[in-house]
Structure formats: structure tokens, C-alpha cells
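Participant: Turn these sequences into a full structure, and let the hints steer you where they fit.
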Amino acid sequence: MTPRQQLRTMKLIRAFETALAVRRDHGFQLLSSGEEAVAVGLCAALGAADQLLTGGRSIGFALARGLDPQRLLAELLGKSTGLNGGVAGRGHVNDAASGFFGAHAVVGGNLTIAAGLALARQLAGEKSIVAVAFGDGACGSGALHEALNLAAIWRLPLVFVCNDNQLSVSTPRKYALAPAHLADLARPYGIPARTVDGMDVEAVADAAREAIETVRSGRGPAFMECLSLRFASHSTTARETRSKPELEAIRARCPIRAFEAKLIARGDLDPAQVTDLDLAIAAEIAAAAVFADASAPPRLDEALANVW
Amino acid sequence: MTPRQQLRTMKLIRAFETALAVRRDHGFQLLSSGEEAVAVGLCAALGAADQLLTGGRSIGFALARGLDPQRLLAELLGKSTGLNGGVAGRGHVNDAASGFFGAHAVVGGNLTIAAGLALARQLAGEKSIVAVAFGDGACGSGALHEALNLAAIWRLPLVFVCNDNQLSVSTPRKYALAPAHLADLARPYGIPARTVDGMDVEAVADAAREAIETVRSGRGPAFMECLSLRFASHSTTARETRSKPELEAIRARCPIRAFEAKLIARGDLDPAQVTDLDLAIAAEIAAAAVFADASAPPRLDEALANVW
Amino acid sequence: MSGEKPGKPNTERLFFREAIARAVREEMRRNARVIVLGQDVGAFGGSYREFDGLFAEFGPARVRDTPVAENAMVGVGVGLAAGGFRPLVSITYMDFLMLGLDPLFNYGAKLRFKSAGRMTAPLVVKTTAGAKGQGVAHSQCIESWLMGVPGLKVVAPSNPADAYLLMKAALRETGPLVYVDHKRLFPGAGDVPLDEEVGAIGVAQILRAGTDVTLTAHSFMVRVALEAAQRLADDGISCEVIDLRSLSPLDVETIARSAQRTGALLTLEEGQLTCGVGAEVSARVAERIGPLRAARVGPLPAPVSSNPLLEAAVVPDAGRVVAAAKALLGARFAAAAEDAIITNEGGGD
Amino acid sequence: MSGEKPGKPNTERLFFREAIARAVREEMRRNARVIVLGQDVGAFGGSYREFDGLFAEFGPARVRDTPVAENAMVGVGVGLAAGGFRPLVSITYMDFLMLGLDPLFNYGAKLRFKSAGRMTAPLVVKTTAGAKGQGVAHSQCIESWLMGVPGLKVVAPSNPADAYLLMKAALRETGPLVYVDHKRLFPGAGDVPLDEEVGAIGVAQILRAGTDVTLTAHSFMVRVALEAAQRLADDGISCEVIDLRSLSPLDVETIARSAQRTGALLTLEEGQLTCGVGAEVSARVAERIGPLRAARVGPLPAPVSSNPLLEAAVVPDAGRVVAAAKALLGARFAAAAEDAIITNEGGGD
Ligand SMILES: Cc1ncc(C[n+]2csc(CCOP(=O)(O)OP(=O)(O)O)c2C)c(N)n1
Ligand SMILES: Cc1ncc(C[n+]2csc(CCOP(=O)(O)OP(=O)(O)O)c2C)c(N)n1
Ligand SMILES: [Mg+2]
Ligand SMILES: [Mg+2]
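So the sequence lines, in the order shown, correspond to chains C, U, Z and W. So the first sequence is numbered by the working numbering: it starts at 518 and just counts up by one. So the second sequence is numbered by the working numbering: it starts at 518 and just counts up by one. So the third sequence is numbered by the working numbering: it starts at 2 and just counts up by one. So the fourth sequence is numbered by the working numbering: it starts at 2 and just counts up by one.
None of these hints come from the bench; they were simulated from the model. Relax, there's no trap hidden among the hints.
Within a straight-line C-alpha distance of at most 20 Å, the following computed SDA-like cross-link-like pairs (lysine to any residue) qualify:
(1) W:K133 x U:V686
(2) U:K691 x C:G707
(3) C:K644 x C:A566
(4) C:K691 x Z:A44
(5) Z:K133 x C:R756
(6) C:K761 x C:A749
(7) W:K327 x Z:R289
(8) W:K133 x U:R541
Facilitator: Quick look at the structure:
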């Protein structure tokens, strides 16, 4: 991804989620406004043959991985044209053919799966790798450590990507997790680990490239912690627990505006192009909504299909 | 415990387990020959009001904690006079009244329980602490990390004691666990951690005293790894996987003989006293066997007692 | 409980979540050893606000937010209970209890047994089961697994009064207990005794008397059962509805007596039928009164999608219960007297 | 299978553990994607030597020792399976499977569903259930929990031939499957087909024909059932013994037909009765053929002590089955003809 593509993807995520948030016909969603740089930075460094697994907060990662916004929206709205026929929905959307192995809404539940998938790649002698994204919340789970240990001892081609938005629902990471940096969790296992600014897409992409290079070269797993900020409440129906001033301060640190300003300052982008970009994205989102709305719901017999 | 008491307890454990090993009427047992210094060193540093939890390999710890060998043997042989009426048996013996909260044969299954018990002490404002012993095998389990994190964040009065005999059944620790030292596992959580020579009872006792002091003073948990050697196979019925020469080299490093020689060299013990000690222990073990053998099995209705 | 009816005397109208909070609050005031542990139970007040106000009143030592670590949460609860406290461990969704079964079953439920009665772990695990748009891994009802664990009790209230009464009873139990509520119960309100009262564990309740068929259910499915009973009444079938309330121990006596009277037993549950609550209820009743006509209603054997259409297709509803009752009664249905006496003894708001 | 009888033609006599090893070996030779993972499955060959020789033949990449980390072991198996391999994950004792239920149920069993059929996780979890002197946390039989999980299959062989045939079938399944064996089966030997054969999942087997009562069991309890049937025969009661073999799917057809013929159904299991296999078998049979006389035999509702006396007091034995059969048949028993024709169709060594 070029810097401009990165900016575009971040904007696409924001616009997609913003449009989704105002709709009332999807129960609720876990959005990632504020955290776009983590998804886009990581995906900028992943290859087409690599696989990405995420937790339940997955829309940003799915779009950054290049999934079709129309089919993603259709999936989240429970339509038959969705990526999974409208069956998986929020928290479980997947499209392995596009390198998005899938979201999984059990916190920490994707980590050992990712290790198994990485083992499959290793055994198959493939060069492609696996990345698994998870929140700070997942760092309290034993599954992370079991996966870290196995990945280290078997030198699995696996990048652990902690999107540390410093909150698990209402619980600040500092009340739930003892380590000074969550990247420290990887160190006992001898896994190279870094903490990066998750609000800076280029910093994330650089760190991801470095981590992925290590991993792809066969030296075993790597760990990166991306410090990010969640702009909205846990979900579209969850109560916000932070104060207004706190939230304002947080939202002032927009990774998209910051990157846009940087690109303009650098001369990589001019303001007129920004307008074009924004318009194009708005049109894309509108088209996605039209597509999804025009799509049929799944047939009821899908409820019993694909069980066995 | 005086050094002589420590020697005595180590010898008691060895003699107890040796006598048990040759019997055929207990199914099987998990013995700790070679690892006596860990149990005795730790218990030398624990106070009477403290509680100790262990894994399934628990005989050494139980005796070091001062449990009555007669009632312990009766328990392991399934007699009604056992510490738990012959119901708990191998792997689950307990005597909380004596500060031995209990063995638990699910690997890693005692760690979070210990954290809860430590929280109970903290909430009750008690000065007593909790120690939990576990093997290297348990270090692969997620439960350890969940417990470490909680202990650190809540500053629980809990000492983690890893009896690292470098084997889990047949699996060498180095093939199963990535960390260079298992004590490293505690570091991300900011928990003070040390690796000590588990074949040296005084080194273990010193480290345990230091750890327990930290913990008792309210500064939160501590972790110690004791490098020990298992002299026998995993259980009295398990196949031995190490070669004869390997085993000979291992058994040459006897913690009891080493300590005895040290005490004699230091002038704290003379060889005649050793003979007396050995005879006294042999008599004690014989008496335990007589006691257990003379005891009745539990009544069959015990099978349904104490369930609800 | 009583829907649009005016509140009964000596009751206050509370939402389900309020009934839980009140019970826990009263028990925390009464017993300084009651401790609440869970994800977001503190200032946030729990996912359904069922712990609202507790943090403010009792502070962070007694109302503790935990990391996302279900194994440790349950294990810590067991250790805390064995150490003399009475923890209530909140596991947000019952699906996640899978991660905490080892400490609950292998330590907590067996502690009294293995210590020959000298130790016990009186913890309450409170968890929310059931489908409400949350998808494959946040909708499961696994209470049937718990029912077969010796040493563990299980309750599942269907209305605010029972939510209150059973929570109070749970926090006074002498061993481990799982308290199962349901996402769809939280929006409901009902009459709860004004005075402090403690419920009885192990006692089912006949919510509606009937003569043609006995219908058992627990938790949210009780409402579905009551709806179905009403519809069946319109068709001239008199259905006795029993709210199990306590799954372990199970009040076989009450169910068997009813089934004896009606001669037919229909069980309803949201969890998978296979080796489920209904299979057990039927088996126990048959053991008591001999073979009888019985049928089970439950979800389709499939995961529960977050897609509302697919969810509704899987989870049982009143229509399916009505159909099953008619199929069960078969020939007798045709003969069923029109004016069966129907007494609504309460229940279901 | 055939006890002290001479081996049948085209069979070889193998211990239960050898039958497993042979099946896995053949499948590993046939399919390079079969991988064995577990604690001490490598050079050690597994707790019961049921993986003997595999490490030597296939090496550490395909026969992998793991740390003690059941959650990750199952999770890695699911990921490996979803990634195109066919892992066999060995969980030493079924009690420890509790630690791995989340990845197995919430990911593995639901993957095909949530990917709308595009992904699947064909892993085999092999685990050893049952009581044999190992105490409260190493003796449990929790197969009934697995039976209710949509998307998951469960088999439980009772003899070396089925151990072989079902393991081969398991390793060719298209989705996740749990293969349950039993500590007390390992010392047994039996006749196993000499030629490579693959069993059928979902098919029960009548091991002994009878006319008075149908007795179902699985795993080690099949031997207890056969012993009981023999004793009942001595008392003039003709007992048809069905080895369930496959718990999910369950071969209701075979059981129901038999129960239809005999008119009485007795179920036997070592796991807790409550919401257990027997409750399900009875319910399904009744759903098929209508109410019938049925009873369940299982362990006492208590943890299993490692104390051999207490263990024996809890776990069901032939005496209890005989008593239950007689109680079930009640009046009919008195009338039972002496010379019921008994055909031993095989089974039990
Ligand atoms: C095992 C488990 N426990 C609890 C939950 C409920 N839950 C859903 S999202 C969430 C927050 C997780 O926080 P984090 O991992 O930091 O991800 P974030 O929401 O911040 O993206 C929780 C606790 C869950 N889904 N799975
Ligand atoms: C959760 C769990 N998995 C597997 C086992 C089987 N098992 C019993 S003892 C043991 C070895 C554990 O090794 P370690 O913790 O180092 O203790 P050691 O035997 O060396 O004292 C194993 C794997 C178990 N008891 N519990
Ligand atoms: Mg977070
Ligand atoms: Mg060890």
C-alpha cells in the first residue's frame, strides 16, 4: 500500500463504521474509530498469501485486508450476499480466500487457532505467515501465554499484534494488567517484541514489516503492541464510561487527520485530492448500503446448513 | 527448622517414599526422591499460619509441612484413619488445619485457587501468606499467567514456587517451555523472581525466606524457581525414559547426602548421630506402616458422604 | 412478575437486573464476606447493570473488576470461598464459563468430598445464557452439563421475584452454585417482596394450573411456555406450566405429581436437547411414575447465528410448543374439553 | 474381541492400544497431513503406549510432544485442521478436556457454520475417560456434554476392532470428532481385521441378541453389560446388548427397533446419569416408538475417589445392571421363559 492508499483505507474504515453506527438495524457493532492506523499499518505489511485473524472488533482489519465493503456491510446486516451469507455477522466474519481468516468474538479465542494455522504453514513449507490481532483485554487470558510458548518453542511463523486501546469494555488496562508494557509479555519466551505508537500508521507499518520479516525468514514469532485509542464506547449500544473532556482529548488525536496533515505537509497529497478522496469514499459507502439493503436475507434453512 | 531438623525431614521423606514404593497395594504414587530439598527448604521458611498448596507430587511437601506420617500413609493407602478418611488419596491429600491446604492433581489447577486463597487472607487483613508449589510442567499452562497477573495487580500475599525438575512425565522441560529460566515468566508482571539450586536445602530455604519476607510485608507476590532432579520415573508404575548412565549421574547428586556431608564437615552433626537419626526414621516409617495396615478401610457409605 | 397487573401488596416493582442488585446488596450488607468479582462489575455495574450501585456502596475491595481471564476468575472465586469468603463471580456469558469449568468442577465441586467434609467452596457463579442477537459463541445454554456435577447446585430464575429470592439463597449456600440468568430477562419487570426474604433452592413452581399436559421450562423459556399455554387454552387444551427454577437439585416431586395428573409431559428448553434438561426431566418423571407420553421442545441442532432471522429459526418459540403439545396429545386433543379451568397462579411479566 | 475364543479368520489379535496405534499408523502412511499432537505422545508413545512406534516412524514433526497446555493443544489442533491438516490431538484424560472446550466447541465445531461451509476443522481429539484408581479429577466421563454440540461427532469404541475401525473413520471425517477410549480397555485384546478397513460412524452394534430387554452401553461399560446379560440369561432373562459405539450421531434406529421388539430399555453408562447418555437414548427411543418401560443405570452421584473400594462403590457393575433389569421387568420377569435363545454375536474380550 502506498501512503495514499493507507490514508484512503483509514478513511474508508471510518466512513464505513460511521455509516453503520447510525443505522438501527444490526443490533449493535464493535467499532474501531481511533484505531484505524493499527489495522491499516498491519495490513500494509502483510502479503496476499498471509492470513489474518482478529478478535471481535474486526471491521477495520477486514477492510484493511481488502475485503469488499459491500459484502462486508451485507454480512454485518445479515444479508445473503454477505461474505458468509449473513450467517457469521458481527464478531465472526471471515473470508479466508482473501487472507482474512476471520474474526472470533471470544476474547483470546483466536490465539491458539492462529498458532495452529501457523504450524500448518510451517509443516506445508509455505513462506506465507499468520498474523493474529487481539486487544489488551486478551492479554489477561492464559491462552495468550500458551500460544506464545508454543509459537516460540516451535518457531512458528506467527506475528502477535496487540491492539492496545487500553480498555476492555469499561476496564482500563492498567487496572487489569500488571505489565508496564504488554510487549513485555513476549520477552520471557525470547520472542522479539516492540511497543509502537498505534496512532501513527507509518510507525505501525514499519514495525509490522520488521516483525513480519523476522517471522517470514523462519526465525520464529514476533510480537508488537500498538498503543491506540478507542474513540467510541465499547459497542454501539454500550454505555460510555469516560468523561466528555477525556473523550475530547482522545478524539483530538485522530490518526486519520494526523496522517492526512502529514502527507499534505510532505507534499504527497494536496487538499483538492483530499476532497476527491472523501467524495469517492462517501460514494463507495453509499453504494455498499444500497447493495446491502437491496440484498435478500438468508433463507431460513441456512440455520441448519453447514452444521456437520 | 534447624539444619538438623531439615536433614531429618529430608530423610523422613526419602524413607517414607522408599517404603511406599515397594508396596503393591496403592495403585501407584508420584514420588519426589531427589527433590526433597525443595519441599524442606520451602517449608523451613513457611510459618505455621501460612498455607501451602501443591500439585500431585505432594508427599514431600506434606511431610515437610509437618503432617503426621502415619495418617499420611493411611491416606495414601486408602484407610479410614487417613488425613482425609482415605477418600482423597494420592494427588489430593489435604490438611488445612496443619497449613497444608492440599494437593491437586490437575497440573496448574492449584494456581488460581492459591490466588483466591491469598486474596482471602489479604481481605481478612491477616499476616499469613500462601505458597503454591507446581512443576515445570505447569509453566506451560495459561492458568499460571492468569494467576501471576492477578497476583501482581492485586499485590496478593502469594509465593509461587516452581519445582523445576525439568521433566513433565517424559517430556524434557527444554522441549516444552521456551524461557531460558522459568523464573523469567514472572518478570513481565513485575514480580520479583529468582532461580535457585533446588538440590541445596539451605539455598532453597534462604530464597524462600527472602521471598516470603517480601510477600508478608505486603509488597505483593514473589516467584522462585528451584532447579531439582527427579530420581525416579514419573510414577511408581510409569516407564523410565532416561538411560542408566544418565540416571546414575542424576542420582549421584543426592540432596540428602550432600547436606549430611556438609553438616558433618561443618561440625553440626557427627556420624554417630546420623546412625541414630536413620534408625529413628526407620522406626517411624515402620510404625506408620503398622498404623496404616491396622486401620480399617472407609465405610462404603463414605462414597456418598460430603458430596453436597 | 405480574405483567400489566397492578403490583401485589408488600411488593415492589423491579426490573430483573434491579432484583439481582437488591439481593446482592442486601447480602453484602448482611455479610461482609460477600465479594463480587467479574469483568466490568465495578463502576460500570455489569453488562446488564445488574450490579448497579454496589461499587459505590462497597468499594473496589468488595466489588472487583477483573481481567478477561475466566479460568482465574472462577479459580480465584473457589480459593476465596475455600478461604472463608462468599464470592459471587460474574461470568458475563455462559459460553465463557467453558473456560472456567476446571476450577469449578475439579476443585470447587469436589473440595468438600476430598477433604472429607472439612473444607467447602461456597461460591456463586452468576452467568447469563441465551440467544439475543449475539451469535455463535455468546448464546449458548450449557446448564445441562452443570446439572450432572455432584456437589454443584444450579438455579435459573425466570422472573424478578425469583431472581431476588434465589440470589439471596445462593449467597447463603454451603457449597458452590451456578446462578443462570438470561439476556432476554433483563428488560422485564415484576413484583419482588418488599421485605427481605430468602428463596428455597430445589423447589419448582406451578405457574399455571392445567389438566391435559404438564409443560416444564426454566429461565426465559418460562415466558415462552406461558405464552404457549395461553394459546393452547384458546384451542381448548389445558396446560400446566411448571417453572423448574432449580435445576440441581431438581424438584422431581412437583413435576411428577403434575405429570401423574395430566398424563402427558412436555419439556421446553433453549439449550440443545441432546442430553439436555428435558431428557433428564422426562427420565426422572418416568422413573417416578412409570412410562408416560412425553416430548421435548428445544432449539434446532445448530449454532445460533447473530442473524435475527436465523436465531429465531433456531430458538424455540410458543408456536413450536403449541405444535408439540398438540402432536403429543394426538387423539386426546380432539376429545379435549373446551372449557378447561385455567388459573394463572402468577409468573411471567 | 472374542474373549478366549480363537481368532477369527482374516483378523489379528491386538491389544486395544495396538489397535489404535495401527489405525493411526496406517492413516499417517496414507495421508501425510495426519499429525499427532499431545503430551508424551512422542518417544514415550503415550500414557497407554497407544502411540507406540509412531515417533520412530514419522519423526518429531508429525508426532509432537506438547507442553501441558490443553487449551492450546486443542486450539492448535483446530487451527491446524482449518489450515488443511488432520491433527489427532491427544488429551490424556477426559477431565482435562474441560480446559480445551472453548476452542473445540466455540471455534472448531462452529467453523463450518460460520464460514457458510467454506472452512472446516477436521481434527480428532482422542481422550481417555473412566475410573481406574486415579481419583476425583482423572476419572470423569463427560461425553454427554459433547453429544449436544452441533457440528461435533463423538465415538467411543468398546473393543480393539472398533478402536481400529473407528479411529480410521475418525481420521477421514470432514469435521471435528472426539474419540473417547477408557483406561480399563487398554489391557484388553481382541480380533482386528487384518486388511485395512474403515469403520462407519453412526452405527451401533448388537453384540448379543435377546428378547426381554434392550441394554445399551458404550466404551468399557459394554463389557459390564455383556457380563450382566450373561448373568441375566442364567436367571432366564434374555437381554439384547447394544454397543452404541457412536454417540453423535446416535444410531437411534437400531436401538429403537430392538426396544420395540423387547419392550423394555435399560441404559448403562459410567458418566453421571443426570443429562447423560441414557437419558438421551431413552428420550430418542420414546420419540420414535412411544412410551416404554425404561430405566437407567449409572454411577452414584458422587466424585470418584482413587480409593478402590469407594471407586467400586460408585461405578456401576454387572450386579447393579442385573438388579435394575429385574426391577424394570418386574412382573414380566416372573413370567420370563427359562430357555431364551442367546446368540453371542461377538464383542467383549
Ligand atoms: C472469553 C471472553 N470473555 C469476555 C468477553 C466479553 N467481551 C467482549 S469484548 C471484550 C473486551 C475485550 O477487550 P480487548 O481485548 O482489549 O478488545 P477491545 O474491545 O478493546 O477491542 C470483552 C471483555 C468475551 N467476548 N470473551
Ligand atoms: C491439566 C493436566 N494435564 C495433564 C496431566 C497429566 N500429568 C500428570 S503429572 C504430569 C506432569 C507434570 O509435570 P510437572 O508439572 O513438571 O510436575 P512433576 O511431575 O515434574 O512433578 C502430567 C502431564 C494432568 N494431571 N493435568
Ligand atoms: Mg482493548
Ligand atoms: Mg516437572
